[in-house]
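Knowing the structure of chain A, use the given hints to seat chains B, C and D with the ligands on it.
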Amino acid sequence: MSYDNELYQQVILDHNRKPKNFHELKNATHKCHGINPLCGDDITVYLDVDEATGVIQDISFTGSGCAISKASTSLMTTFLKGKKVDDSRVVFDEFHKMVLGEFDPEKQEHHLGKLTLFMGIREYPSRTKCASLAWHTMIGALDKKTDEVSTE
Amino acid sequence: MSYDNELYQQVILDHNRKPKNFHELKNATHKCHGINPLCGDDITVYLDVDEATGVIQDISFTGSGCAISKASTSLMTTFLKGKKVDDSRVVFDEFHKMVLGEFDPEKQEHHLGKLTLFMGIREYPSRTKCASLAWHTMIGALDKKTDEVSTE
Amino acid sequence: MDNAEIMEKSSIDVENIRADFPVLSKQIGGKPFIYLDNGATTQKPQAVIDRVSQFDSEEYGTVRRGSYRLCERSTQLYEEARQKVADFLGAPTKQEIVFTSGTTQSINLVAHSFGRKFVNAGDEVIISNIEHHANTVPWQVLCEEKGAKLKVIPVNDDGELIMEEYDRLLTDKTRIVAVNHVSNVLGTINPVKEITVKAHKAGAKVLIDGAQSMPHMKVDVQDIGCDFYTFSGHKMYAPSGIGGMFGRMEVMETMSPYVTGGDMILQVTLEKTIFAKPPARFEAGTPPITQVIGLGAAIDYLDAIGMDRIFEYEKSLLDYGTRLLQEIDGLRIIGNAADKAAILSIYLESAHPHDIITMLDQDGIALRGGHHCAQPTMIRFGVPATARASMAFYNKFEELDALAESLRKIIKFFS
Amino acid sequence: MDNAEIMEKSSIDVENIRADFPVLSKQIGGKPFIYLDNGATTQKPQAVIDRVSQFDSEEYGTVRRGSYRLCERSTQLYEEARQKVADFLGAPTKQEIVFTSGTTQSINLVAHSFGRKFVNAGDEVIISNIEHHANTVPWQVLCEEKGAKLKVIPVNDDGELIMEEYDRLLTDKTRIVAVNHVSNVLGTINPVKEITVKAHKAGAKVLIDGAQSMPHMKVDVQDIGCDFYTFSGHKMYAPSGIGGMFGRMEVMETMSPYVTGGDMILQVTLEKTIFAKPPARFEAGTPPITQVIGLGAAIDYLDAIGMDRIFEYEKSLLDYGTRLLQEIDGLRIIGNAADKAAILSIYLESAHPHDIITMLDQDGIALRGGHHCAQPTMIRFGVPATARASMAFYNKFEELDALAESLRKIIKFFS
Ligand SMILES: Cc1ncc(COP(=O)(O)O)c(C=O)c1O
Ligand SMILES: Cc1ncc(COP(=O)(O)O)c(C=O)c1O
Chain A
96 MSYDNELYQQ
106 VILDHNRKPK
116 NFHELKNATH
126 KCHGINPLCG
136 DDITVYLDVD
146 EATGVIQDIS
156 FTGSGCAISK
166 ASTSLMTTFL
176 KGKKVDDSRV
186 VFDEFHKMVL
196 GEFDPEKQEH
206 HLGKLTLFMG
216 IREYPSRTKC
226 ASLAWHTMIG
236 ALDKKTDEVS
246 TE
Chain B
96 MSYDNELYQQ
106 VILDHNRKPK
116 NFHELKNATH
126 KCHGINPLCG
136 DDITVYLDVD
146 EATGVIQDIS
156 FTGSGCAISK
166 ASTSLMTTFL
176 KGKKVDDSRV
186 VFDEFHKMVL
196 GEFDPEKQEH
206 HLGKLTLFMG
216 IREYPSRTKC
226 ASLAWHTMIG
236 ALDKKTDEVS
246 TE
Chain C
17 MDNAEIMEKS
27 SIDVENIRAD
37 FPVLSKQIGG
47 KPFIYLDNGA
57 TTQKPQAVID
67 RVSQFDSEEY
77 GTVRRGSYRL
87 CERSTQLYEE
97 ARQKVADFLG
107 APTKQEIVFT
117 SGTTQSINLV
127 AHSFGRKFVN
137 AGDEVIISNI
147 EHHANTVPWQ
157 VLCEEKGAKL
167 KVIPVNDDGE
177 LIMEEYDRLL
187 TDKTRIVAVN
197 HVSNVLGTIN
207 PVKEITVKAH
217 KAGAKVLIDG
227 AQSMPHMKVD
237 VQDIGCDFYT
247 FSGHKMYAPS
257 GIGGMFGRME
267 VMETMSPYVT
277 GGDMILQVTL
287 EKTIFAKPPA
297 RFEAGTPPIT
307 QVIGLGAAID
317 YLDAIGMDRI
327 FEYEKSLLDY
337 GTRLLQEIDG
347 LRIIGNAADK
357 AAILSIYLES
367 AHPHDIITML
377 DQDGIALRGG
387 HHCAQPTMIR
397 FGVPATARAS
407 MAFYNKFEEL
417 DALAESLRKI
427 IKFFS
Chain D
17 MDNAEIMEKS
27 SIDVENIRAD
37 FPVLSKQIGG
47 KPFIYLDNGA
57 TTQKPQAVID
67 RVSQFDSEEY
77 GTVRRGSYRL
87 CERSTQLYEE
97 ARQKVADFLG
107 APTKQEIVFT
117 SGTTQSINLV
127 AHSFGRKFVN
137 AGDEVIISNI
147 EHHANTVPWQ
157 VLCEEKGAKL
167 KVIPVNDDGE
177 LIMEEYDRLL
187 TDKTRIVAVN
197 HVSNVLGTIN
207 PVKEITVKAH
217 KAGAKVLIDG
227 AQSMPHMKVD
237 VQDIGCDFYT
247 FSGHKMYAPS
257 GIGGMFGRME
267 VMETMSPYVT
277 GGDMILQVTL
287 EKTIFAKPPA
297 RFEAGTPPIT
307 QVIGLGAAID
317 YLDAIGMDRI
327 FEYEKSLLDY
337 GTRLLQEIDG
347 LRIIGNAADK
357 AAILSIYLES
367 AHPHDIITML
377 DQDGIALRGG
387 HHCAQPTMIR
397 FGVPATARAS
407 MAFYNKFEEL
417 DALAESLRKI
427 IKFFS
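These protein sequence lines map, in sequence, to chains A, B, C and D.
With the numbering used here, you'll find the first sequence wraps up at 247, consecutive numbering, no jumps.
With the numbering used here, you'll find the second sequence wraps up at 247, consecutive numbering, no jumps.
With the numbering used here, you'll find the third sequence wraps up at 431, consecutive numbering, no jumps.
With the numbering used here, you'll find the fourth sequence wraps up at 431, consecutive numbering, no jumps.
Hints should not be assumed to be uniformly reliable.
[To be verified] Non-contacting residues of chain C with respect to chain B, defined by C-beta distances greater than 10 Å in every case (computed):
1) Val39
2) Arg85
3) Asp103
4) Arg184
5) Lys209
6) Ala292
7) Glu365
[Unchecked claim] Pairwise CB distance ranges, derived in the manner of DEER restraints:
8) Ala354/D x Pro132/B: 50 to 56 Å
9) Lys165/D x Pro132/B: 40 to 46 Å
10) Glu74/D x Met23/C: 26 to 32 Å
11) Gln62/C x Asp319/D: 28 to 34 Å
12) Glu161/D x Pro132/B: 33 to 39 Å
13) Glu160/D x Val213/C: 34 to 40 Å
14) Lys165/D x Asp173/C: 55 to 61 Å
15) Asp238/A x Gln342/D: 49 to 55 Å
16) Lys209/C x Thr173/A: 56 to 62 Å
17) Asp181/B x Asn32/D: 55 to 61 Å
18) Gln62/C x Asp199/A: 33 to 39 Å
19) Asn32/D x Ile290/C: 45 to 51 Å
[Stated by the list, open to error] Heads up, simulated DSSO-like pairs for lysine-lysine below, C-alpha to C-alpha not over 30 Å straight-line:
20) Lys192/A x Lys47/D
21) Lys133/C x Lys162/D
22) Lys425/C x Lys115/B
23) Lys428/D x Lys209/A
24) Lys293/D x Lys162/C
25) Lys202/A x Lys178/A
26) Lys115/A x Lys425/D
27) Lys133/C x Lys133/D
28) Lys162/D x Lys165/C
29) Lys192/B x Lys293/D
30) Lys412/C x Lys234/C
31) Lys176/B x Lys209/B
32) Lys217/C x Lys293/C
33) Lys425/D x Lys113/A
34) Lys202/B x Lys47/C
35) Lys115/B x Lys428/C
36) Lys165/D x Lys162/C
37) Lys126/A x Lys293/C
38) Lys165/C x Lys293/D
39) Lys192/A x Lys110/C
40) Lys425/C x Lys209/B
To be clear, the hints were calculated from the coordinates, so they are not data collected in a lab.
Glycine included, C-beta positions come from ideal geometry on N, C-alpha and C.
Just chain A, same shape as in the assembly (with noise of 0.2 Å):
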């Protein structure tokens, strides 16, 4: 394994250690509970959307978990921050293909920015949970399908 490929970079760290919109939101239109119950993982994301615009006003999250877990978390809603809904419904779905291994953003086009930083985990498929689970809660909020995710 190369350098390159060492999962906990200095912006996991720093993310893990201060995690960014890290707070709840009072004013949410959406919000999740999501828990990875090998891990003890356990997030709850919260947006604000603009129904006529579609974009994601606001988002943040409280919670507890591994480091990525979090810095995956802390990212997301860096990344997402003015995003649109259905663009964020992309770079999902790109997310977590790249995690499983199945998306490969260095040889593929991708929406991903930095986001890239988490390829690292496809080695360890036992973890791929730790970095998906905020991207699973934040979809599971936008759908309002249910109120809480679960990786089991």
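Then chains B, C and D with the ligands, alone, in the frame of chain A:
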């Protein structure tokens, strides 16, 4: 394995086909029923022992089973007729150890006569019981400890 | 077709195949080793032996719980093997494959986890008269415990299930029908699809014991439609110590765990335990990791040859052998089903089966003698035991010639 | 003794030993592979790998039922391995060794065959607060089914059983006490002899879960006096898929079968079944034949080194590692029993155990993170999970240096 060790020699086949002393003994002083549940061997051994001299005056058997058990029982009866009870115990011991591979009549002094025919059975531990059932039953009869012996 | 024609049409290059199995070039007592006890257990190809030792030398790690790379990799290989089994059986998803230590354990699992939950006093369980003890005793125990009734499908003199009787046995009280796909004593191939359709119509679930079929023919559990299909790795050229079953997810989800312990739970406190979904629910503890990998290698090996070719070739062995044995006076073949796998159960009027086995062995030929863990079948056919020749695709026509010759000699000896 | 002295007094030539284990010379991501997850499963020496492939290549046959020579021989080897296990454990007779697929299966066997027969409503079962799920869930299930009470021996902050509490828990209603010899999370060596004596005095039977002790110290079941002693082959350098238990004949004879099927019965008719004596009664179906042979080879390997030497060396690894880790700020060792096996459960204030494991792995170091199938223990110590370093006699002092260095780096990273 050399031909010498082959188990099914003419003598054994003959005794199987035409067992000697194959009948009930009305005036038996000792008798015992022996079974080998795994093979279905099932025999009864009868003895007529002279109490004063300790000589086995007559010995016979009835029952059914595989060739090895039938031939072994038949040969035992011809071998023991006229022998002393004490001697028969010595032979039992040697025979029993021989079929288990713990006694080698080719190397050690013995009293087995043509009973060494059964030596080849050492290579078939699962079948030693077929050869030794007769002997266990005979000893059971002499000991009058029990009316039935089983190899299981 | 006579035997010369049968040999001619052989679909398998048997010498090439035999070279894959190291034990087959062995001599026993100076004679070539002829292994015809494949119904008991099969020999292993070099590919399986090598995969096992390579895995244990370089890749061995625990599965499912570790998150370091050695473990991630072994878990991946383990799950790939599960997928191979699913594909081999035509199962819809790999989650419907449960690994166990073998057929016996699989049937016990179903008798416990399905049976103890869904079979109650007055209910009925149906088996057949030609089952292995593994598919008899667990149901006896269950029925006795529950006050349920065990009903038995009878067989005709050829060893075929009497389907009209089966129709009569099925009632709305039948909870489960458990029969083998192929009888280990008679070789009968049972009409498992018809059995399943009828059972389902009556509202009963169906377990097919595939121990003797999966190694010898193409199996499609979706076509059969059964709820459970059980198997043993050691009978299909894989290592000992591994087996499993297909279980329909819909049914497995309703079942309680069997063996309990680690890895089959989501959460354990001293007060209570939350169980995981199938298949994890039924795989407590550290599984037979290396053996699962070996099973995957065995499936690859079988797939490369092709199950249809294997079936066809073994069928020609059966036809050839049947013809040879039928010509022998004083020999009776027990089991003459029209639809039959390559098993020949032999009974001689003149010699006890255990004597036959020992004498054959002295000619280097390995058969099994006894009741083959199927005493009720023996009772049905009025014999205490048989000598059974059970064939595999690595057997040769010449080996059956040797068997026939040796049997003739034995008959002569004993009469 | 400081660490330099500990290294000096080492009783094992570790480089020689490491050469016996092919996987230990592996590199992972360009770094030497450091395997410290021996509590989960152990690596296999070449002697075991070779014995397995040789057996499968030349000697493989079914056991117990065949009477041709291949089979007689495999049965003999199988029974010799049983004798080896008996000798290794100090069991009076080999008939008191039952082979199973592992500790989980062994404990389930006892919970079923002893428990369901002898534990009734109002009775009590005692376990401890530091058991593996395999020694918790089966008893929970049993007690729930029977209306019996599950009582738990508490531990002090060092992770030692509080024996005064045990004394209070034991009553004349206690039917069985089931505790591990060594805790897989804390490394605590429990006073199993004292536990047994007291339980017997109260009229209870005793099961000792030896999964973590048998591979690491000399065990004498007669000295302990216990009624059952369970183990897993894969944790003692043997192949996966095999395990077993010692069971006192006197007790086993009173027990009903667990798994039912072939080879564990004397006779089966469609009406009833007569069960065989132990150990056969508890070994239904085709056993893990090759794996039993491999277990025998592993025992030979361990015996050649000597369990006392192994224990002594691993103890020095423990002392060395403990000292190193104690010097690290922000690191807590969970489990500090006076009598302790070579297991270090690590908790960092700054990093989640799963992150620790992944980061260690990037340095080539394999530890297990999680609750180690012992959630009640985690709850007792108020941590969600730990990172566990569990050592074997093939580990080196230098590997613990690398672990300590990597942990320091992680702490720095995360704070
Ligand atoms: C103390 C203890 N008991 C039981 C087990 C279960 O053993 P297995 O998974 O081999 O059945 C383990 C190992 O995981 C253990 O450490
Ligand atoms: C039809 C059938 N069912 C079940 C079994 C039991 O399989 P195992 O001994 O591998 O558990 C066998 C094999 O002996 C069999 O032939």
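Consistency of the hints with the structure:
{"no.": "1", "hint": "Val39", "result": "holds, 18 Å"}
{"no.": "2", "hint": "Arg85", "result": "holds, 47 Å"}
{"no.": "3", "hint": "Asp103", "result": "holds, 40 Å"}
{"no.": "4", "hint": "Arg184", "result": "holds, 34 Å"}
{"no.": "5", "hint": "Lys209", "result": "holds, 38 Å"}
{"no.": "6", "hint": "Ala292", "result": "holds, 42 Å"}
{"no.": "7", "hint": "Glu365", "result": "holds, 13 Å"}
{"no.": "8", "hint": "Ala354/D x Pro132/B: 50 to 56 Å", "result": "holds, 54 Å"}
{"no.": "9", "hint": "Lys165/D x Pro132/B: 40 to 46 Å", "result": "holds, 42 Å"}
{"no.": "10", "hint": "Glu74/D x Met23/C: 26 to 32 Å", "result": "holds, 29 Å"}
{"no.": "11", "hint": "Gln62/C x Asp319/D: 28 to 34 Å", "result": "holds, 31 Å"}
{"no.": "12", "hint": "Glu161/D x Pro132/B: 33 to 39 Å", "result": "holds, 35 Å"}
{"no.": "13", "hint": "Glu160/D x Val213/C: 34 to 40 Å", "result": "holds, 38 Å"}
{"no.": "14", "hint": "Lys165/D x Asp173/C: 55 to 61 Å", "result": "holds, 57 Å"}
{"no.": "15", "hint": "Asp238/A x Gln342/D: 49 to 55 Å", "result": "holds, 50 Å"}
{"no.": "16", "hint": "Lys209/C x Thr173/A: 56 to 62 Å", "result": "holds, 58 Å"}
{"no.": "17", "hint": "Asp181/B x Asn32/D: 55 to 61 Å", "result": "holds, 59 Å"}
{"no.": "18", "hint": "Gln62/C x Asp199/A: 33 to 39 Å", "result": "holds, 36 Å"}
{"no.": "19", "hint": "Asn32/D x Ile290/C: 45 to 51 Å", "result": "holds, 47 Å"}
{"no.": "20", "hint": "Lys192/A x Lys47/D", "result": "holds, 29 Å"}
{"no.": "21", "hint": "Lys133/C x Lys162/D", "result": "holds, 16 Å"}
{"no.": "22", "hint": "Lys425/C x Lys115/B", "result": "holds, 24 Å"}
{"no.": "23", "hint": "Lys428/D x Lys209/A", "result": "holds, 24 Å"}
{"no.": "24", "hint": "Lys293/D x Lys162/C", "result": "holds, 25 Å"}
{"no.": "25", "hint": "Lys202/A x Lys178/A", "result": "holds, 24 Å"}
{"no.": "26", "hint": "Lys115/A x Lys425/D", "result": "holds, 24 Å"}
{"no.": "27", "hint": "Lys133/C x Lys133/D", "result": "holds, 19 Å"}
{"no.": "28", "hint": "Lys162/D x Lys165/C", "result": "holds, 25 Å"}
{"no.": "29", "hint": "Lys192/B x Lys293/D", "result": "holds, 24 Å"}
{"no.": "30", "hint": "Lys412/C x Lys234/C", "result": "holds, 21 Å"}
{"no.": "31", "hint": "Lys176/B x Lys209/B", "result": "holds, 14 Å"}
{"no.": "32", "hint": "Lys217/C x Lys293/C", "result": "holds, 28 Å"}
{"no.": "33", "hint": "Lys425/D x Lys113/A", "result": "holds, 19 Å"}
{"no.": "34", "hint": "Lys202/B x Lys47/C", "result": "holds, 28 Å"}
{"no.": "35", "hint": "Lys115/B x Lys428/C", "result": "holds, 21 Å"}
{"no.": "36", "hint": "Lys165/D x Lys162/C", "result": "holds, 25 Å"}
{"no.": "37", "hint": "Lys126/A x Lys293/C", "result": "holds, 27 Å"}
{"no.": "38", "hint": "Lys165/C x Lys293/D", "result": "holds, 27 Å"}
{"no.": "39", "hint": "Lys192/A x Lys110/C", "result": "holds, 20 Å"}
{"no.": "40", "hint": "Lys425/C x Lys209/B", "result": "holds, 25 Å"}
In this structure, none of the earlier numbered hints is contradicted; all agree with it.
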